[in-house]
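Peer 1: Below are the chains, spelled out letter by letter.
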Amino acid sequence: MSTTDFLAAAPAAANDRGGAKQPLLIVRELKKYFSAKTRFLSLRADQVQAVDGVSFSIAKGSTLGVVGESGCGKSTTARLLLHLIEPDAGEIIFDGEAVGASDGISVRDLRLAAQMVFQDSYSSLNPRATIGDIIAFGPRAAKGVASRVATQRAENLLEQVGLRASLFARRYPHELSGGQRQRVNIARALALEPRLLILDEAVSALDKSVEAQILNLLSDLRDDLGLTYLFISHDLNVVRHVSDRVVVMYLGRIVEAGDVGEIFRRPLHPYTQALLRAMPSMDPDHRTSEPPLTGDPPNPINPPSGCRFRTRCVFAEAVCARVSPVLAAAKSAIGGSEDGNDPLRPSRFSSGGDRADREHQVACHMMVTGSGHSRAGAGAFGHD
Amino acid sequence: MIEPPAVKVDNLRVRFRQRERLIHAVNDVSFTLAGGEVLGILGESGSGKSVTLRALMRLLPANCEIDGTIAVAGDEIMTASESRLEEMRGGRIAMIFQEPVTALDPVFTIGQQIAETIRRHEGIDRRTAKRRTLELLERVQIPSARRRFDAYPHELSGGMRQRAMIALALSCNPRVLLADEPTTALDVTVQIQILLLLRELQRELGMAVIFVTHDVGVAAEISDRLAVMYAGRFVETGSAAQVLKKRAHPYTEGLLAANLHGVAPGTRLKTISGAPPNLAALPPGCAFAPRCPDAMPICGTMPPSVDCGGGHIACCFRTRDRLTEVRDSTTPAVSLLPTTVP
Amino acid sequence: MTEISLVDPALVPEVAAGLEPRGYWQGVGERLLRDRVTLAVAAVLAVIILLAVFAPWVATHDPLQGSVLRRLKPVGTPGYFLGTDETGRDIWSRLVYGARLSLICGITPVLFATMIGGALGLIAGISGRFVNMAVMRVVDVFYAFPSVLLAIAICGVIGAGIGNTILSLSVVFTPPIVRITESLTTQVKNRDFVEAARASAAPLLSIIRHQIVPNVLGGMLVYATSLVSISIILSAGLSFLGLGVTPPNPEWGLMLNALRQAIFVNPIVAALPGVAIVITSLCFNLLSDGLRSAMDIKLPA
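Protein chains in written order, with the numbering used here: chain A, 1 to 384; chain B, 1 to 342; chain C, 1 to 301.
No lab work stands behind these hints, which were simulated from the structure alone. Quick caveat, the model's predicted, so the values are computed rather than measured. Be aware that a few hints might be false.
Just a sample of chain A residues kept apart from chain B, beta carbon distances all over 10 Å, derived [stated by the list, open to error]:
1) G178
2) Q213
3) L236
4) R240
5) S243
6) A274
7) P284
8) P291
9) D296
10) P297
Quick list of the computed label-pair ranges, beta carbon to beta carbon [as the list claims (entries may be wrong)]:
11) C:N190 to A:A89: 22 to 28 Å
12) C:G27 to B:H261: 49 to 55 Å
13) C:A144 to A:A101: 48 to 54 Å
14) C:I263 to B:Q18: 24 to 30 Å
15) B:G266 to C:W25: 27 to 33 Å
16) A:V314 to B:H261: 53 to 59 Å
17) B:Q18 to C:A144: 43 to 49 Å
18) B:L59 to A:S374: 37 to 43 Å
19) C:G159 to B:Q18: 43 to 49 Å
20) B:L59 to C:L33: 30 to 36 Å
21) A:A101 to C:G27: 34 to 40 Å
22) C:T186 to B:Q18: 32 to 38 Å
The beta-carbon is built from N, C-alpha and C at its ideal position, and this holds for glycine as well.
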């Protein structure tokens, strides 16, 4: 750690308004529908229900992992959180203050407190600007920080993410490797001293050895700077490693949520189970013999009625097409407690918090007695 | 007469000229692949795995220098004429890619493309070609094959496109299939379907397959034999089980240790120190030495290929030393396999 | 051709050896310097521009001074080495002075069009659907006219003369520049780094200035250079038709028109202004191509 660190050791604590028990982020019933092109003379436009009633919360200092396959809406959700896309419905509450409300926090202030780290790609960094300028742009432009101060801060950030400022500050993005560019992405996000960092597939494009380095870096930064993370990834291994809580999305909805240990050891939703079984086996002597799920993820335009997973679910019945399952706390699974506390991986957070933050939630008719599904109330379902 | 191996590569070297620099992408790769076998090539970006694959079909750009010999089912590739190569591509040896868009022409339906390929290679009439195409589409598990015959690539989902590309590659019954990270861009539930499909097809058709990937799990699922590639060289080869479990080479060990599977969550990950090698200025001797936790002074010279028993080979001085220790200190009846690098 | 993943660019020796960082424009410059065709073309253009600038010193006679006795002398006449025109004026001197006018009529309208069209295109690209539609549909209307006819129509209305020529051509060239700027802006706007800039709560003007404009400028420059070559031909054409520069000014198009009748008497002399137009226009065209190749290189991902 650099001793000439301009950033306060834990700026998050200094800006804390809601207190330790207040979740940093609460999202309620977030919705975003896109209309696809109307066919000529058609009365109703095709709708892409990209995000359809998503709710979750993130405790301060924790990491929430969001997993799902393409089309599930996780990237759209990330952009809705920062108001890069305008939500159609729903509330976002940042540290106790509603975003956009007259007595809450403005979108501009939200953006200064919540930043995003993008996937490394050719276009994640301005190809015509030097690394130093890229990092200093935010403070200069948004907070009016004096140019020289901003440059100095950029150089400190570079050191903090593991790049020698003297070597890298004047370089251009195309002269850097993928891992180095990703460090720059992180430094850029940190330049505005945010409290929440949204990482959208931040390590997906990297080689595994580089990925490990970046994950270690992110973990260090979280501890040093008191950050909170929302970690979006399609890679279950990565999500398991970094998250405290996990949310599984399918076609714009959350199908399961819970502590990471619970989700990975006792997945309740058939989709989550399939996802976990779909991970390739590491043992050449015990290979996968059957694909857990057939077919492709369905088209997000005009999704299936009721439960969206029913078209690929082995257990689908008539009720699944009629009624959409609601995300609710799962009744005790065999061997588990209701609040989802995993005795083998004790939570780092005080148990006095809101029950809803800690519980294991599922959106499936099989888990709700009286839902009309033939297997409802029969207890926890097969997991491997 | 003994059947020639499906693929035989000897001392393959590929160099690219980029302005003033000479980039050594592939450095002395040799291997033999029998029919019906799946060879996985595991490596990160810059390891040379994709270049090796393209060299096998002579799909490299004009500004590269290739040395060595490549024989596919007994036919020499390096000295073949352009027309002979065209015959072979598709008929003897076919390739599937990471992005189907590179293989599928967007202005033709997938049915047209596959049927045309069949007709061009085998000269049969249109109706038979269409019938064969439909059979192929069904074999790669594309539902409603008749309807999908008339679909354009952009109308299909990612998984479907990948299957269509596989159908295209298999249309002329190639002896060898080259796969360049075909599942990297797919969702995990689709990826496992494609991997299983490939395994099934490979078994049915008795094809030899070379599968390039950077994902250890994928390599474990698909490979019979596995080669770990670093800086243009095979640093470890053997059966998939041998390489993944015994890990004779420090790079393999580092690669698997950096893998998240089985690591306790929240703990610090072990990383390989340093950065990928500069292919324009490779060090003499072992290219991994600058990053190797076990490096010794002798690593400045080229390490030998050490046989760890049962066809498991690693290019490492440490491995050789460890093997000799075991051999010296124990009776010959004990296994000669080295212990894994701690 | 399929992309091949080669060596990780970070391990380029420059970084390791601490060599100077190489920005995009430096890279462009280096590639240009290696492109022999473009260098040759640039040299020719430099010569033409220098001749135009130093016309008073390079010309051998007064371009406006003619003499009936010396009409239509052929190439190689002592003292008038490129011959004389139909009123006895020295061709070489007229060509050299004419270069000034042609270059001005070529470059200036493109300059104006770039400034105005660029601004409009930027605005259209950045704005929401309605402003974008409003601007682009108006541009489409202008696009419906072939450029030559549009130029003729405007000049026909406002009259001849060099100022009007420049004005008319500026109007003709603004729509294509709006279109290409809008297209480039839209592409750049959707890239991740612009989204990151928006997410940093930076004011819009800042984002435009630092993120968007530097990435759009390259494409605009290439396009503008190719427009210059067209502009030279169009302005010559307007003068040829009597709608551009007025006699007795030495302008290449005007000279072509005047020497038309002489084509059977002295074809080479009659063709000389045409040769000048072609060479200059072609040079700008090739320069534009060279710039496009130099800038189009895909940077390693």
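Peer 1: Does each hint fit the structure? Answer for all of them.
Peer 2: Evaluation of the provided hints:
1. Consistency note on A:G178: stated as away from chain B, yet its beta-carbon is not over 10 Å from all of that chain's, at 8 Å minimum.
2. Not every C-beta of chain B lies more than 10 Å from that of A:Q213, the closest at about 5 Å, which undercuts listing it as non-interface.
3. Not every beta carbon of chain B lies more than 10 Å from that of A:L236, the smallest distance being close to 7 Å; the non-interface claim is violated.
4. For A:R240, the non-interface assignment is contradicted: its Cβ lies about 6 Å from the closest Cβ of chain B, within the 10 Å cut-off.
5. With a cut of 10 Å on Cβ distances, A:S243 falls inside the contact zone with chain B, its closest approach being about 8 Å.
6. With a cut of 10 Å on Cβ distances, A:A274 falls inside the contact zone with chain B, its closest approach being about 6 Å.
7. For A:P284, the non-interface assignment is contradicted: its Cβ lies about 4 Å from the closest Cβ of chain B, within the 10 Å cut-off.
8. Not every Cβ of chain B is farther than 10 Å from the Cβ of A:P291; the closest lies at roughly 4 Å, contradicting the non-interface assignment.
9. The Cβ of A:D296 does not lie farther than 10 Å from every Cβ of chain B; its closest approach is about 4 Å, which violates its non-interface assignment.
10. Separation of A:P297 from chain B is inadequate, the least Cβ-Cβ distance of about 6 Å not exceeding the 10 Å criterion.
11. The hinted range of 22 to 28 Å is satisfied by C:N190 and A:A89, whose Cβ atoms lie roughly 25 Å apart.
12. At about 41 Å, the beta-carbon gap between C:G27 and B:H261 misses the expected band of 49 to 55 Å.
13. Range check, C:A144 to A:A101: about 49 Å between beta-carbon atoms, so the 48 to 54 Å window is met.
14. For C:I263 paired with B:Q18, a C-beta distance near 53 Å fails the hint of 24 to 30 Å.
15. At about 46 Å, the beta-carbon gap between B:G266 and C:W25 misses the expected band of 27 to 33 Å.
16. Taking 53 to 59 Å as the suggested C-beta distance range, the pair A:V314 and B:H261 does not conform, at roughly 26 Å.
17. One distance hint, 43 to 49 Å for the beta-carbon pair B:Q18 and C:A144, holds here, with the actual separation near 47 Å.
18. At about 55 Å, the beta-carbon gap between B:L59 and A:S374 misses the expected band of 37 to 43 Å.
19. For C:G159 and B:Q18, the Cβ-Cβ distance of about 57 Å falls outside the hinted range of 43 to 49 Å, so the restraint is violated.
20. At roughly 32 Å, the beta-carbon separation of B:L59 and C:L33 lies within the given 30 to 36 Å, and the hint holds.
21. Roughly 49 Å separates the CB atoms of A:A101 and C:G27, a value that falls outside the hinted 34 to 40 Å.
22. Between C:T186 and B:Q18 the beta carbon distance is about 33 Å. The supplied range of 32 to 38 Å therefore holds.
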